[in-house]
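Let the sequences and hints guide you as you build the complete structure.
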Amino acid sequence: MKTMTCRQFGGPCDLPHRGESADDVIAAQDKHLKQAEKAGDATHQEARDAMKGRWKHPKQSLGWYRDMKAAFAALPED
1 MKTMTCRQFG
11 GPCDLPHRGE
21 SADDVIAAQD
31 KHLKQAEKAG
41 DATHQEARDA
51 MKGRWKHPKQ
61 SLGWYRDMKA
71 AFAALPED
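Okay, so the sequence shown: first residue is 1 according to full-length UniProt numbering, each after it adds one.
Hint data in this document are derived by calculation from the structure and do not stem from the laboratory.
Worth double-checking, as some hints may not be accurate.
[Stated by the list, open to error] Distance condition first, Cα-Cα at most 20 Å in a straight line; then the derived EDC-like pairs of lysine to aspartate or glutamate: (1) Lys2 <-> Asp67; (2) Lys56 <-> Asp30; (3) Lys69 <-> Asp23; (4) Lys52 <-> Glu37; (5) Lys52 <-> Asp41; (6) Lys2 <-> Glu37; (7) Lys52 <-> Asp30; (8) Lys69 <-> Asp24.
Put into structure tokens, the structure is as follows:
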């Protein structure tokens, strides 16, 4: 199990996301940003817009995805 924060994904807060894989924590960040947007949290809007753009254009976002996977891999186990 490893932990990455919203801020490590480019977000504005330090909410931790834990998972067994980079995909787990990326999905948790996406869910967090969706909830923040729904709650009207404007501080997360820029990060949410960026995430939506990545989901819409996955081929263009492979660099970001590879960077997040590498960052996750470099983390120590919790």
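Evaluation of the provided hints:
1. For the hint linking Lys2 to Asp67, the alpha-carbon distance of about 16 Å falls within 20 Å, and the restraint holds.
2. Distance check on the hinted pair: Lys56 and Asp30 sit about 13 Å apart at the alpha-carbon level, within 20 Å; holds.
3. A distance of roughly 8 Å separates the Cα atoms of Lys69 and Asp23; the hinted pair therefore holds under the 20 Å criterion.
4. For the hint pairing Lys52 with Glu37, the CA-to-CA distance comes to about 12 Å; that is within 20 Å, so the pair holds.
5. Annotation: proposed proximity of Lys52 to Asp41 holds, straight-line Cα distance about 16 Å (limit 20 Å).
6. Annotation: proposed proximity of Lys2 to Glu37 is violated, straight-line Cα distance about 25 Å (limit 20 Å).
7. Straight-line distance between C-alpha atoms of Lys52 and Asp30 comes to about 9 Å, which keeps the hinted pair within the 20 Å bound.
8. A C-alpha spacing of about 11 Å is found between Lys69 and Asp24, which places the hinted pair at or below 20 Å, so the restraint holds.
In the structure shown, a violation is registered for the earlier hint numbered 6 alone.
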